[in-house]
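J.: Below, each chain spelled out in residue letters.
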Amino acid sequence: DSGVTQTPKHLITATGQRVTLRCSPRSGDLSVYWYQQSLDQGLQFLIQYYNGEERAKGNILERFSAQQFPDLHSELNLSSLELGDSALYFCASSPRDLPGPGGYTFGSGTRLTVV
Amino acid sequence: SQQGEEDPQALSIQEGENATMNCSYKTSINNLQWYRQNSGRGLVHLILIRSNEREKHSGRLRVTLDTSKKSSSLLITASRAADTASYFCATDGSARQLTFGSGTQLTVLP
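As given, the protein sequences belong to chains L and W, one line each in that order. Those letters in the first sequence? Residues 99 to 213, by the numbering used here. Those letters in the second sequence? Residues 184 to 293, by the numbering used here.
Just so you know, these hints were derived from the structure itself, not from any lab. Don't take each hint at face value.
Simulated crosslink set (DSS-like; lysine-lysine; CA at most 30 Å straight-line) [said to hold, decoys possible]:
1) W/Lys-252 - W/Lys-239
2) L/Lys-155 - W/Lys-209
3) L/Lys-107 - L/Lys-155
4) L/Lys-155 - W/Lys-252
5) W/Lys-253 - W/Lys-209
6) W/Lys-239 - W/Lys-209
7) W/Lys-239 - W/Lys-253
8) W/Lys-253 - L/Lys-155
9) W/Lys-252 - W/Lys-209
Chain L on its own, in the form it takes in the complex (with noise of 0.2 Å):
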């Protein structure tokens, strides 16, 4: 158990849809990211929020958002939900802003499945 619990393990869903996936990092980190990996694209980095703001953006779809909570957890909102939205959902917490010596600590994914 890394410390960082990702909930649901598994979503399938239809095309059009909405999910919520979530995310609670490891105690004491503030930092969290969202990654989404497929086999095509690898792992593409999306968002990142610290200690509640959006810190850092990258190739994250407008049909896609996400939040960090006062108690820092953190929900990505995939919605209008493709085909090709399919993919591995990780996110990934930090101690602080920027990537320290210790990395990142990684959620078990969630796998989502889009039909």
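Since chain L is already given, all that's left is putting chain W on it; use the hints.
T.: Leaving out everything else, chain W in the frame of chain L:
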């Protein structure tokens, strides 16, 4: 886009042999990290090497960094079946977050 590219894409060796994976990146970095991912699981941080370091060891892992060539290598000595996984390099570069390479799939045969 991916900053790092690992080479080879796949590597298959016998238990007890050494495994070497390479990573090339494009921009200047502050540090480079290596991660392991077991099939369908989350990534696990293995080791970090700073841009002013040339070599670093951790147990059976040895990492080298050549900033002039923008490349790094990860050596796993005396490999075990449990080392079977995908290995990724990650760099910080000019971005605030880590950018991961495409990964090397290592298979260690018993």
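J.: Can you name, in rising order, the numbers of the hints this structure does not satisfy?
T.: none
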